[in-house]
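*Asks:* Chains as they are written, first to last, in our numbering: chain A, 1 to 115; chain B, 1 to 114.
These are computed hints drawn from the structure, not numbers from a lab. Errors might be hidden in some of the hints.
Partial pick of chain A residues on the chain B-facing surface, computed with a CB cut under 7 angstroms [to be verified]:
| # | residue |
| --- | --- |
| 1 | 8 |
| 2 | 88 |
| 3 | 106 |
| 4 | 108 |
Here the structure is a predicted model, which is why all the values come from computation and not from measurement. C-beta atoms are modelled at their ideal positions from N, C-alpha and C, and glycine is treated no differently.
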Amino acid sequence: GQQLNQSPQSMFIQEGEDVSMNCTSSSIFNTWLWYKQEPGEGPVLLIALYKAGELTSNGRLTAQFGITRKDSFLNISASIPSDVGIYFCAGRTNAGGTSYGKLTFGQGTILTVHP
Amino acid sequence: ETGVTQSPTHLIKTRGQQVTLRCSSQSGHNTVSWYQQALGQGPQFIFQYYREEENGRGNFPPRFSGLQFPNYSSELNVNALELDDSALYLCASSPPQGQGYGYTFGSGTRLTVV
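Sequences are here, hints too, so could you generate the full structure?
*Replies:* Here it is in structure tokens:
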């Protein structure tokens, strides 16, 4: 099935460093979402973006909805050990009927933070 | 406010068997979606249920079917299990349209087909 192109696939960083990951698509999305998944758990929503060009922060996390509506990025500042996990981008089309609610996910970025 | 709960947490089945996975949606949420997450991959949309009817489906064969009940809980049924069906199955619920963003995911059911 279709997936978004998410990069990098994995990152190994030192505590305190900043992290940046991005997601691109050949399709336009009306909503971009960033999730974090930890072992044995389902994805947990970090940030939701609803408008092209929107820049939204949630604590140390900042995400932007690309102007073309085909890309998004997530930045994590001053990383800490509990940031470890898999980060997924997801796009959603808002069309009513059958498209409503379908999320298309990226392959994930595995983040490892060394203390 | 209770979140999305899924059962069972783990399951081992033999190829060719049938399986039923269950999901209780978050309070106030009326739409349920199911996703399949293979190891090392992002979740893939299977289908969505709204008002007890399927109203969106991903690229999955008909042997994947579901139900939604009047209390908005849902089941995912998979017939004639194949080895490639081994995955984490995630359920997500969302509120009525216009009542804010939802997509609360459960912790999933880990299905292993041997």
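*Asks:* Each hint needs a verdict: does it hold in this structure or not?
*Replies:* Structure-based check of all given hints:
no.	hint	in the structure
1	8	14 angstroms, violated
2	88	5 angstroms, holds
3	106	5 angstroms, holds
4	108	5 angstroms, holds
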